[in-house]
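Colleague: With chain P's structure known, arrange chains U and C on it following the hints.
Residue numbers (my numbering), protein chains in the order written: chain P, 849 to 1141; chain U, 33 to 587; chain C, 171 to 497.
Heads up, some of the hints might be wrong.
To be verified - Below, simulated SDA-like cross-link-like pairs (lysine to any residue); rule was C-alpha separation at most 20 Å, straight line:
hint	chain 1	residue 1	chain 2	residue 2
1	P	K1104	C	S322
2	U	K544	U	R374
3	U	K303	P	S977
Claimed, not checked - Selected chain P positions facing chain U (Cβ under 8 Å, derived; list incomplete):
hint	residue
4	F927
5	G999
6	A1086
Hints in this document: simulated from the structure, not taken from any laboratory.
If you're wondering where the values come from, they're calculated on a predicted model, not measured in any experiment.
Where is the CB? At the ideal position from N, CA and C, for every residue including glycine.
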Amino acid sequence: MLVVYTLVFGMIHATPGNPWDTGDKPFPPQVLQNLEAKYHANDPLWKQYVDYLAGIVTRFDFGPSFKRGVSANEVIARFLPVSVQLGLLAFTLAFVAGVLLGSLSAVRHNTWVDRLAMFGAVFGISTPSYVFITVLILVLAVQLHWVPTGGWSGLFDSKIIIPAIALALAPTAAIARYTRSSVLEVLRMDYIRTARAKGIREWVVLNRHSLPNALIPVVTVAGVALADLITGSFFVEAIYQVPGIGRYFVTTVQDKDYPVLMAVTLLYAAIIWVTNFVVDVLYAVLDPRVRLT
Amino acid sequence: MDSGSPRPKAPLDFALNRRRFIGTGLKLAAVPTLAQALGLGSIGRAFSQAPANDQTLRLAFLNPTVAFDTGREGGTPELHLLMFDGLTFYNWDTHVTEPVIATSWDYDPSTLTYVYHLRDDVKWTTGAPVTAADFEWTWKRNLSPELASPNVSFLGYIKNGVAYNSGKAAAADVAVTALDDWTLQVTMEDPTPFFPMITSLWPFFALPRAVIERVGDDKWMEPENIQTAGPFIFERWDHDQQMVFRRNDNYWGKRPTLERIVYRLYENAGKQSLAGYEADELDLAAVPPPEADRVLADARLSAEVVHWAESRNWQLRIDHRNPNTVLKNVNVRKALYLAIDRDLIVRQLLKGQGVPSLNFVPPDIPGNNPGAALPGGATEARAFLDAAGYPGGKGFPGFKLGFVPTQAEAILVTQAIVNMWKDVLNINVDLLPVPTDWRTRIRTEPYDMYYGGWGSDYLDPNDWHNVIFEGDYWQSHYSDPTYLDMIKKANVEPDPAVRNQKFGAAESYLIKDQMATIPLFFGGTTWVQKPWVRNLRIAPLNTYVDSRDAWIGQH
Amino acid sequence: MAVSHSLPAPVGFAAPQAPSRALARSPRTYLGEVVSRLRRNRTAMVGIGFITLLIVLAIATPWIAPYDYGRGSLQDANRLPSTAHWLGTDALGRDELTRLMWGARVSLTVAIGAQIIVILIGVTLGLVSGFFGGWLDYIVMRIVDALYSLPSLLIAILVMSFLRGVLSLSNESSVAGIASLNTASGGLLGVFIVLFLTHWLTVCRLVRAQVMSVKEREFVLAARAVGARRPRLMRIHLLPHVLAPVLVAITFGIPGSISLEASLSFLGIGVTPPMPSWGTMIAESLAAMRTYPLLLLCPGVALSLTLLSFIYVGDALRDALDPLMKR
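Bound-form chain P, shown alone (with noise of 0.2 Å):
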């Protein structure tokens, strides 16, 4: 993390420019100045760095975001949640989808079921997403009048549905089509041909001996989709209007907003970590072969 941290403030600071003069009235010097001081952008270098750290392993204190008056922690736990919330329907969409279509390819390979399918998951990877959900609102929201066009009301409402269906697209593919070769390869394997031949009914066989073995390489695909989906998609947000803290990868860059810049980029560490940690953890669960090594 250190190192993420180093590396995040290196590139903030290389980066000529300060956050407040990115208007387009420019501020009068003695303004700038006063600002300065208040954020203490004057002290050297090394002293903000250390100054700042400390700040962030003692308190979890990202200090206080340069746009919104309020201080990087207020915006993140303002808007976290929000992603978190339709990161995880959005996976929970995309995992179950992605799963159910891998399965049935792999079962139907190399029919018409299979080809279309897998047409379809590459048409969800390479379809960008600001594309698709321009035409989900358009067509959904504006022609069709069947949910509003943007705005967040919790999880329990219509307008959970387009940035959940967009935000899933990609991740539903993906899984689809590593679950379909993963579940090939298993339905290849030496102890299904001796399952069949037991004369043990293809339902059974799929479902108790193939595709909980299959999953496991699935598992680190869902990991990533999970670790993505959570914090948030800018495209997605921004055209959907959805508080969440996705939009803030972007524009805090554009804003200059250091402190929630390197929270959230801390942030998104954190939780490719956690994800990764949770994922090796599985496999040990999943895969006993794992837990003998």
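Modeller: Here is chains U and C on its own, set in the frame of chain P:
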């Protein structure tokens, strides 16, 4: 004021210690504004005149960041005017500074002191009265060095204001005093006869001292803390989603008909709000130029279109201090000016949202001079280029045209202009998407040219001449002594007619003679508005939605 | 009894068998086997065909494009397809087909170029790190881990801002050749750097894993016993085994690079106008989507088809290279 959506607009910066605003340019002859001329024509279908039961207005807020601590941020007058009132109000139609919280004011030129007499029936939402002490406290708070407010430029006219802000004086030295509950005395640093007009601006609105002292500068705007004294109360704030304002039934002034105003927050309202409007979620939306064709072709939408003019000009700004740029040759600048087909850009790219500008100052500013335009077309442009020493474009070294990619239509407009220069003059110009620290860098680093916009803060020519060039607000570093002399003299001219004339002459010198900047077009905006919304205005200054007098008809 | 083998991860981490084994099994070479498998996969062949066509078009663009990508007259704006303009014109009157071709050029250059750098650095580092192990490996892996947990979009924007900030504002030359390189490529230099920074990690890890699994194999020990020196060892014995998954990773990395470049251009911090990129074309036409849908469809479909092709080819390549897929 500089243009650039979606950034919140920062306030004016008068270059302190330099200018003498002695002009009496306040009570000028009423000039019909473009807004008045074009504004309300297209609305008004065959709907009943009776007000509807549900008086809720649904709008899109034009900036993604909401900042209405009038002391600290550039601010948006839209929200301030809903929640607060100033001592005065500047009516852009009549050019009169009207009394609001201040019923009258006296000015003593010998001591440079204003005395404002306040109403006694203005109340905070708690019921406590708004007194002169509130104003005194707020102005001092906004000047405090700890707050580091950019609005110091406005407040700096007060004696010792700047000194206090720089840490050279104490708060007590700032020359604003509440003589009693209803009398406020202010002493100016220099003769400032237009001060009453400025007190209509938001850095001078009184803020609730009790709240700010209790919860601090960051939290006092939250609905559960805030206290206001204006026609609307801030009811609810779902951060980054929406803001709701409720009518203040204890307001001392004209009671608004609207019960609620709901603002949806967008990342880029200019581009996104139209979808919400079409889904019947908004009552007003901006029509971005790419959608204009479709909107105008649609039977229902085209009937709901409204045009409002802005007191704004878009132009190409030139670095006059750069010794190596090809633009230092006036003939080159004139050639560039003449080679642009503004009608085509306005018609095709902007879809009518704007008016070609050949002079510089918008038509609703007194003292604007359409005669400042340099006549000519493509042939003359080529002639100027020849005269500059680059016949047929040969040997032209080229330059960089900077633009801000997030600014409205900047990408397309600049590309179109570069193409026109290539077609007519056969020269190559590179486009430069500017880095984010552009404004800081161009203070010291040389550049060639960049695309920008400037909107009026108030309707006086010195906002266009003196503020921009004396204060070097654009970092154009333009220091032609003749011009500076002309505008200084014009500014202090007591006779309004002569003053306008002098400014007109200065404008002519600026453009026709020197081509110090290349004007492109005046601003205009196109909106769609639900036919049952009445009396909604878009102010030409700062382009904000004025909904204080609006109401919803039955539908 | 069937030969037991460990369950391979279906994502291309399969360790290919040593070439000697394959030789013993069939008269064809490994390469020949791979190629024949590829040929049998029809979608992959279509994909390869499309990609080749694209590459040829992209290279030939400066000569065969009908118009200048930056020039157009406003009077011709937003025209429907005609004999003069096969795909119509965009909002500034520029020929859509030309811009599409140049966009292809940009996308492919950026993606392939970035991948080349990725190979150079990722493979080298992975090889070295996996082979030598120890503290070198530890350091490299810590750095890779740290970089892995950085949000790529954010880093991309940071780097682009930094680059933009360093360049000159006027026509004079500034930071040596970087500025002219940047302008010449239409702002692509920044995109290159960003893409490279974000993509070498996967390859590095992949290579390292491969090396570590292979380096204890018999033939390597044998080579060592004979006295082969380290570089030779790495180059001749280890590299071929590593190449297969790397090749697959690259084929999948290209769509990722193209996507990232499109996203950056969509945000306005990618290539400099008027140089077109599919991302900028999408951004420009998204707002007017309902009025002029063709302008969005062209770059959108082109982007999707290209990504599709690369992914299908990547799939097929991975299957072809996987020695466990008999017949």
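Colleague: Are the hints correct? Go through all of them and say.
Modeller: Each hint, compared with the structure:
no., hint, result
1, K1104/P - S322/C, "holds, 17 Å"
2, K544/U - R374/U, "holds, 17 Å"
3, K303/U - S977/P, "holds, 18 Å"
4, F927, "holds, 7 Å"
5, G999, "holds, 6 Å"
6, A1086, "holds, 4 Å"
The structure fails none of the hints (numbered hints given earlier).
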